[in-house]
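In order, the protein sequences belong to chains A and B.
For the first sequence, the numbering used here gives the first residue as 1, with consecutive numbering after it.
For the second sequence, the numbering used here gives the first residue as 80, with consecutive numbering after it.
Hints were generated in silico from the structure; no laboratory data involved.
One or more of the hints may lead you astray.
[Claimed, not checked] Quick partial rundown of chain A residues pointing at chain B, CB under 10 Å, derived from the structure:
1. Thr-6
2. Val-13
3. Leu-14
4. Gln-17
5. Lys-19
6. Gly-22
7. Lys-40
8. Glu-45
9. Leu-46
10. Glu-48
11. Lys-64
12. Leu-66
13. Val-70
14. Val-76
15. Leu-78
[Unchecked claim] From the structure, some residues in chain B lie toward chain A, with a derived Cβ separation under 7 Å:
16. Ala-181
17. Ala-186
18. Leu-188
Given the structure is predicted, the values throughout are model-derived calculations rather than measurements.
Ideal placement from N, C-alpha and C gives every residue a C-beta, glycine not left out.
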Amino acid sequence: MKARVTVMPKSGVLDPQGKAIGHALASLGFAGVGEVRAGKVIELELAETDPARAKAEAEEMARKLLANTVIESFRVELV
Amino acid sequence: MKAGIVIFPGTNRERDMAIALERATGARPRVLWHRETALPEGIDLVVLCGGFSYGDYLRCGAIAARSPIMRPIAEHAARGGLILGVCNGFQILCEAGLLPGALLRNAGLRFLSMECRMRVERTDTPFTTHYQRGQVIRAPMAHGDGNYIADAATLDRLEGEGRVAFRYVTEAGDAVPEAALNGAARNIAGIYSGNLRVLGLMPHPEDLVDPLMGGTDGLPLFESLAAAA
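So here's chain A without its partners, still in its complex pose:
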């Protein structure tokens, strides 16, 4: 079973990387782009076959390592 963990900077946490991407888009002529936020996506191959347990397992991994919950939020989906 595959889980996809999306990690994003929490709202209110300065995201200079997102800002830099936004500026680069503007200099390419893309108008009308508001705030840009940059995060990361981590895909996990899990041996677990039960969807609920697999999701719980991936969430535990996100809390313990994949995301730093001081500054990041995360979302787990099974794919």
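Place chain B on chain A using the hints.
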């Protein structure tokens, strides 16, 4: 004073740190490998140095903070043992939950390799007895992720408990926002744990301990530690 320096893959400031420790304590520090599961008997001070442990993968310090040696280091902290984390070492201490908050990418996105000024906020801790209160010291810094952040309640608690160790200041000693080039909240360059026995800071006092290095502003930190244990 028995000190141990931890080496992770990608640690690169261990020699500078060993020079500073040996100069102040007269003894060569032990070198500890990240895979070890116990600290040598009688270690007073554990030092996590600068570098790019695990290539800064995932987040700076994130992988190192979960290495085997971090368990005995957490036990050392719980016993009231001394820990110093500089630069990547500070990031590792935050990732390991031994210090609160986190270090984000520098606000200006630039890697900052330059000299900064720090103000010594208190002098009654094992790290600062050889400084004067409010003293402004020079320190080299070299980091891409030094923008200290914590939620407002945590920042207030740190201030209230006197746990801000050093602040970025101007030459005159003013903690104005422009002095924190990395964007650090409340100009925080370094913080203590609740028992004041764990210190994490971004600048490198170990790189200013000999006139040949251009100054000795960092030496009192190591002399304080030598006198503390």
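Going down the list of hints, with the structure as the test:
With a cut of 10 Å, the hint placing A:Thr-6 at the interface with chain B is violated, because the nearest CB-to-CB distance is about 14 Å. Satisfaction of the interface hint for A:Val-13 is found here, the shortest Cβ-Cβ separation to chain B being roughly 7 Å, below the 10 Å cut-off. For A:Leu-14, the shortest C-beta to C-beta distance to chain B is roughly 6 Å, which falls under 10 Å, so the interface hint holds. Nearest Cβ of chain B to the Cβ of A:Gln-17: about 6 Å, under the 10 Å cut. The hint holds.
Here the hint on A:Lys-19 is kept, as its CB sits about 8 Å from the closest CB of chain B, short of 10 Å. For the restraint placing A:Gly-22 at the interface with chain B, the shortest Cβ-Cβ distance is roughly 12 Å, beyond the 10 Å limit, so the hint is violated. Interface restraint check for A:Lys-40: the shortest CB-CB distance to chain B comes to about 8 Å, inside 10 Å, so the restraint holds. Annotation: A:Glu-45 was flagged as interfacial toward chain B, and the flag is violated, the nearest CB pair being 18 Å apart, outside 10 Å.
For the restraint placing A:Leu-46 at the interface with chain B, the shortest Cβ-Cβ distance is roughly 18 Å, beyond the 10 Å limit, so the hint is violated. Annotation: A:Glu-48 was flagged as interfacial toward chain B, and the flag is violated, the nearest CB pair being 21 Å apart, outside 10 Å. Checking A:Lys-64 against chain B: minimum C-beta separation of about 8 Å stays under 10 Å; hint holds. Given the 10 Å rule on beta carbons, the hint for A:Leu-66 holds: about 7 Å separates it from the nearest Cβ of chain B.
Nearest Cβ of chain B to the Cβ of A:Val-70: about 4 Å, under the 10 Å cut. The hint holds. Taking 10 Å as the C-beta contact cut-off toward chain B, the hint placing A:Val-76 at the interface is violated, the least distance being around 16 Å. Residue-level restraint check for A:Leu-78 is violated (minimum Cβ-Cβ distance to chain B is 22 Å; threshold 10 Å). About 4 Å separates the beta-carbon of B:Ala-181 from the nearest beta-carbon of chain A, less than 7 Å, and the hint is met.
A distance limit of 7 Å between C-beta atoms decides the matter here; for B:Ala-186 the minimum to chain A is near 6 Å, and the interface restraint holds. A least Cβ separation of about 5 Å between B:Leu-188 and chain A falls short of the 7 Å threshold, and the interface hint therefore holds.
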